[in-house]
Amino acid sequence: MKRRQFLRNTVPATILPAFVGGFSLRTFGAESPLMQLFGETPVSDHVLVIVQLSGGNDGLNAVIPIDNYSNYFNARSNIAIPQNSILPLTAQTGLNPAMTGMKSLFDDGKLGIVQACGYPTPSFSHFRATDIWMSASDSNQVLTSGWQGRYLNYEYPNFPTGYPNSSAPDPLGIQIGSTTSLTFQGPSISMGMSISNPTSFYNLLNGVEDPAPNNNAGKELKYVRLVARQTSQYADVVKAAAARVTQQAVYPANNTLADQLKIVARLVKGGLQTRVYMVSYGSFDTHSLQANAGDTTNGNHANLLKNVSNAIKAFQDDCKFLGIEDRVIGMTFSEFGRRIKSNSSQGTDHGAAAPMFLFGKNVLPGIMGSNPTIPTTVSVNDNIPMQYDFRSVYATILENWLCVKNADLQQIMLKNYQSLPLVNSVTCKIANPNLSGTSYLEIWGTPFVQSTNIVYRTDGGHTLLQIFDTMGRLIKMPVDADLAAGSYTYSFDSGVLPAGVYYARLQNNSVQQVKAMIKIK
Amino acid sequence: MDRREFFGTSKKKKETTPVSFASPSRTLSGVNPYTGPWTTNEVIHLLKRAMFGAVKADVDFFKTMTMSQAVDYLLNVSAAQSQPPPPVKTYANSTDPTDPDNAVLAGQTWVNTNTNDGAVNSNRTINFKNWWYGQILGQERNILEKLTLFWHNHFSTECDSIPRAIWCYGNNAVLRKNALGNFKQMTREVALDPGMLYYQNGYLNTKTAPDENFGRELQELFTVGKGSDNATQPFAEADVKAAARVLTGWQVNGTTNLAVFTPSRHDTADKTFSAFYGNTVITGRSGSTAGDLEINDLLTMIFSVNDVSMHICRKLYRWFVYYDIDAATEANVITPLAQIFRANNYDIKPVISALLKSEHFFDVANQACYIKGPVDLIASLCREFSVVFPSAATDYVGAYNTWQIIWQLGFSMNQNIGDPPNVAGWSPYYQAPQFHEIWINSDTLPKRNQFSDQMLTSGYVRGGKTIKTDGTAFAKSLPNPGDPNKLISDSIIYLFRLPLTQASMDQLKRDVLLTGQTNDSYWTNAWNAWTANPNDTVNANIVKTRLQSLYMYLMKLPEYQLS
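Note that the protein sequences, when read in sequence, are chains H and Y.
Just so you know, we're using the working numbering here: the first sequence kicks off at -8 and counts up by one.
Just so you know, we're using the working numbering here: the second sequence kicks off at 7 and counts up by one.
A few of these clues could be false.
As the list claims (entries may be wrong) - Here are a few chain H residues that face chain Y, going by a calculated C-beta distance under 7 angstroms:
no.: 1; residue: Gln132
no.: 2; residue: Val133
no.: 3; residue: Val215
no.: 4; residue: Ser271
no.: 5; residue: Gly273
no.: 6; residue: Ala284
Stated by the list, open to error - Listed below are the simulated BS3-like cross-link pairs for lysine-lysine, each with C-alpha atoms no more than 30 angstroms apart in a straight line:
no.: 7; chain 1: H; residue 1: Lys396; chain 2: H; residue 2: Lys213
no.: 8; chain 1: H; residue 1: Lys213; chain 2: Y; residue 2: Lys471
no.: 9; chain 1: Y; residue 1: Lys515; chain 2: H; residue 2: Lys230
no.: 10; chain 1: H; residue 1: Lys467; chain 2: Y; residue 2: Lys492
no.: 11; chain 1: H; residue 1: Lys94; chain 2: H; residue 2: Lys467
no.: 12; chain 1: Y; residue 1: Lys550; chain 2: H; residue 2: Lys406
Hint data in this document are derived by calculation from the structure and do not stem from the laboratory.
Just so you know, these numbers come straight off a predicted model, no measurement behind them.
For glycine and all other residues, C-beta sits at the position ideal for the given N, C-alpha and C.
For reference, chain H alone in the conformation it holds in the complex (with noise of 0.2 angstroms):
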């Protein structure tokens, strides 16, 4: 299968300034004359979905070298998928058996695969691998927000102060389950909001609703519920969402990504503007029984990658048959691969880099990169080295998928990763941050080399102004005093601190908003 020719995100240069007299354009509210000289905002219809595959996914085994068999065999033997049980995807790899489905999608050209990704000095923790990959940080780097949080605060720089709204009227990412991830943090609070059931409104909040007693306790048990559930600002648009898509095509039973995946695409079809959704499978932490004896195409891991290929199959041909599939793409990602070399156990222990798989209509099939080089003398402790830095499929995905301009990505990724061909971007319509809600907090010139005037409003009464790094270091407190009402100016003085970006923030009562600011070179 050739892969297509990687098309260059090209917007005619025409068409929006970057800068106006020095400042962003993200300085100016949506409504603002200035904004409105330059036509219509585009809002951009698409949708990425994330599925974390929890507890670290064998990479190995699901995608297999065919050209380097004898090495791959000879490392984990007592696992290893016999050749002829390979689906060819190349002459050189293949898939592991139980993954039919994906087969197909890649058959029809909906699928692609980055060999081998990860990043430098990988983390065995499960814990702190999965921090990592879902703030995009660096190895020995802890950072207090996900890289979805901060692509969703730089879109929509307001939130939460004035939403929802009529030009942002649901929730900004969507995880289904019962908790927010790290995913959707963003530099103050979290972006996200969390969907077990979204017809019902039990367990639209909270996933644990266990039943109330029939006492007094009870009752009040069941009236404090009452409230949250009224009390959630989305509820309405996502169950009128749902409501909306009375018929979907047929997923399979038992299988809880497939269950995610369809509430996924009933939200999408159902009319919901939300960008992101988060789902969520595993444990694929398989340390012991990962494969039967005698018969390794099954076991624990082929039934794992069963679920997961024919989830995202049953989830590709529904978007199909609700007419969405050109708005949307998904991702794959596991905290770690596993080790090359099995254990006794009949298992792999934790290791590093992984592929990443892509599905869409829009997603350029084909699998990039190579097989990873496996030894003829496998020790246990080797591990698949990297070829692709998982920030570059992130960023690749921001660019164009999410169409974040080229010159804001470093605000999200914090650093610059080369751009990979992995989506067909030329769908891509330059997205500009929805500036809707109320703005309590400018920052009037970023990047800046030097110094920047941030511009914060106060209503009166305790207002605080506070500067972060990424790591959620306070830097520095201009503002914690009692000011009356109105509008002033700090001017931040970057100092000696290195290049980068950091966050400014301001509380006023129960207002908090947070904005970025890059300091360059």
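Got chain H; can you put chain Y on it based on the hints?
Using the frame of chain H, we list chain Y on its own:
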């Protein structure tokens, strides 16, 4: 019957919009001393009601005693404890260089220096409220602060309506000093408290045109009440007028801040009361002792009717137990408590002792059903999670600044300490049919959630000081935090009064604590790695982020709102 058995599953109902949640079974238990199990569960129940939160160290402390000893301990408040050091100045001087407050140095108390400067008094009022929260947050192992707040809600005054903060503070001092003393004595002191005299227009009450405000509220709200349905006024309107006349002649001496009686302003005629009071006639007096003597007669008369003890016991019941007083509770609890109250000449301690030691108080039906008011919610979280505040001894400015954060938080949730909405106190304590459900609405519930979220993440900042918690102190206090199952189940024991099912605990262990992992040892290893090497930031972060997620999640569950 063990608690889990009692908390069976209710029938699954199809979801409809509830019109009313019909009140399930009440209990027939009474004031006989409780003889049931005295376990962690009962200790936590007692502490969450009698104190602000159930801190594990306190639970451990009271578990070493019997139930009776524990209640006795909680009710043992020394004179020194009930008269803590007064607030100190942290606000700016007056803009008027001649104002007496300028002579008060920062860090010294202002309660003995008069000022009429509006801005200074306004600052003093906030300062007082901050100081009050300091008392609450630093409370000893006794009931004093919970009870002081009760008396404040009962003998309501509004600081914002009282021009001198000294009177506001003084009023509070009267309540705190008498909280476990004698109710009749407290009523007398409150009646002549400058704050109350001002607030209820007592100082304007003269013979020419008696002001009925306090005369009415004294009977309707503070003593006799309005019957078991809170709607039937047993005393006559004429009694209000008569009482008003008894109370004529009092003012506040602006220098001494004491009530002062002016005979010429007093109505010296006899005051006749209705049949409700046995047609009592209070002899009109004249002269400088007239006011005192007539007030004594008035209180003797009022306290002779059983309604007073019934009314106060109902209020205590609603504060410490539950709002629903059905016929059985009225007969089996309120009535005997009222008898104890009267038999002890209106000493407060015997009543509260009987209530807190009763089988009714420990009845499972009366556990877990109390919606925490904002002060309770906020103070309990701070105490249970060992939120660190600057020490008042070494950094009083930081202390008052951070206490002010707490005051504002309570205010935003509709409980501005020192300023109930009106003289009836906060409506959750009297407004049928919802009572304490009034605390929770679509505005305040998100604020409660935001509060616990923020306290567990960025915390709150004021004056350069931050108050927050990351959950590690709380987790460390538990017996076995390295075991994720025990971490969760023990956390729930201390944070919730209702259990979660094993399935729910497993789900949130997997989804929240283990972030999708299914192997418990990942948490155990992370916890052990951190405790072995707490300075390792990566280990610390792994543990802290997960504990934060866990506790933010737990405290956003509706169960957390219940006490």
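Do the hints match the structure? See the list:
Given hint, Gln132/H at the interface with chain Y, is violated; its Cβ is 10 angstroms from that chain's nearest Cβ, farther than 7 angstroms. At about 5 angstroms, the closest approach between the beta carbon of Val133/H and any beta carbon in chain Y falls short of 7 angstroms, and the interface hint on this residue holds. At its closest, the beta carbon of Val215/H sits 4 angstroms from a beta carbon of chain Y; the interface hint therefore holds under the 7 angstroms criterion. The restraint placing Ser271/H at the interface with chain Y holds, with a minimum CB-CB distance near 6 angstroms, inside the 7 angstroms limit.
Because the closest C-beta pair between Gly273/H and chain Y is about 5 angstroms apart, less than 7 angstroms, the hint holds. The restraint placing Ala284/H at the interface with chain Y is violated, with a minimum CB-CB distance near 22 angstroms, outside the 7 angstroms limit. For the given pair, Lys396/H sits about 47 angstroms from Lys213/H by alpha-carbon distance, which is inconsistent with the 30 angstroms threshold. Proposed proximity of Lys213/H and Lys471/Y is contradicted: the alpha carbons are some 38 angstroms apart, above 30 angstroms.
Taken as a hint, the Lys515/Y and Lys230/H pair is honoured in the structure, with Cα atoms around 28 angstroms apart against an allowance of 30 angstroms. The suggested pairing of Lys467/H with Lys492/Y is violated, with an alpha-carbon distance near 40 angstroms, which exceeds 30 angstroms. For the suggested pair Lys94/H and Lys467/H, the alpha carbons sit about 53 angstroms apart, so the restraint of at most 30 angstroms is broken. The hinted pair formed by Lys550/Y and Lys406/H meets the criterion: a straight-line CA distance of about 26 angstroms does not exceed 30 angstroms.
Hints 1, 6, 7, 8, 10 and 11, counting from the list given before, are not met by this structure.
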